[in-house]
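Asks: Sequence:
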Amino acid sequence: MTRPTPQPRAAYPYHHPIQTRWADNDVYGHVNNVTYYAYFDTAVNAYLSAQGALDIRGGEVIGLVVETGCAFFAPVAFPEALSVGIRVAKLGRSSVRYELAVFREGTEEAAAQGHFVHVYVDRTSRRPVDLPPVLRAALEALTVG
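Per the UniProt record's numbering, residue 1 is the first one in the sequence shown, and the count goes up by one each step.
Possibly wrong hints are sitting among the right ones.
Unchecked claim - Below, in silico cross-link-like pairs of lysine to aspartate or glutamate (DMTMM-like), each with a Cα-Cα straight-line distance of 25 Å or less:
1) Lys90 / Asp26
2) Lys90 / Asp130
3) Lys90 / Glu67
4) Lys90 / Glu108
5) Lys90 / Asp122
Unchecked claim - Label pairs and their in silico Cβ distance ranges:
6) Asp130 / Trp22: 21 to 31 Å
7) Ala89 / Ala50: 15 to 25 Å
8) Gly29 / Gly145: 29 to 39 Å
9) Ala74 / Arg126: 34 to 44 Å
10) Tyr28 / Asp130: 21 to 31 Å
11) Arg57 / Gly92: 20 to 30 Å
Note that these hints are calculated values from the structure, not bench results. Please read all numbers here as calculations on a predicted model, not as lab measurements. From the three backbone atoms N, C-alpha and C, an ideal C-beta is built for every residue, glycine too.
Please construct the entire structure, taking both the sequences and the accompanying hints into account.
Replies: Set out below in structure tokens:
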């Protein structure tokens with residue numbers, strides 16, 4: 001398996017600010033690895049909500065995470081200000097692969113980068129559905145390559 005190389009900030013068309021919290025640090029003095037996934041989830045859902053593409057309380061369509069991964073390049077810690085860059089690497093009929101990166105404020109190289117795949121499903125039946133037009137448009141705006 002080839003280790004990825006840190007990507008530059010410019011490789012991600014959208015950035016969501018994240019403020020680290022005291023509770024994010026672990027006993028080793030840096031943000032715990034599991035917390036990066038919360039940062040990723042927060043950034044994606046904030047973007048989709050701002051675009052009017054996600055109604056977390058009453059929407060008929062919800063995204064279920066079916067795959068995740070993350071590579072770490074440099075530690076981050078409280079009280080650093082961060083941003084999470086988001087891009088869409090693959091957009092399917094009912095799924096999307098997000099690629100994300102965590103950047104320290106004022107830096108150009110990712111401290112960590114990862115991905116997750118959402119499959120969009122009917123809230124009640126949990127069966128895959130076509131991406132609604134407003135969601136597809138929001139995701140297309142983040143598509144690269």
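Asks: Hint by hint, say whether it matches the structure.
Replies: Evaluation of the provided hints:
{"no.": "1", "hint": "Lys90 / Asp26", "verdict": "violated, 33 Å"}
{"no.": "2", "hint": "Lys90 / Asp130", "verdict": "holds, 15 Å"}
{"no.": "3", "hint": "Lys90 / Glu67", "verdict": "holds, 13 Å"}
{"no.": "4", "hint": "Lys90 / Glu108", "verdict": "holds, 24 Å"}
{"no.": "5", "hint": "Lys90 / Asp122", "verdict": "holds, 21 Å"}
{"no.": "6", "hint": "Asp130 / Trp22: 21 to 31 Å", "verdict": "violated, 42 Å"}
{"no.": "7", "hint": "Ala89 / Ala50: 15 to 25 Å", "verdict": "holds, 21 Å"}
{"no.": "8", "hint": "Gly29 / Gly145: 29 to 39 Å", "verdict": "holds, 37 Å"}
{"no.": "9", "hint": "Ala74 / Arg126: 34 to 44 Å", "verdict": "holds, 38 Å"}
{"no.": "10", "hint": "Tyr28 / Asp130: 21 to 31 Å", "verdict": "violated, 44 Å"}
{"no.": "11", "hint": "Arg57 / Gly92: 20 to 30 Å", "verdict": "holds, 26 Å"}
Violated hints, listed in ascending order, are 1, 6 and 10; each of the other numbered hints is respected by the structure.
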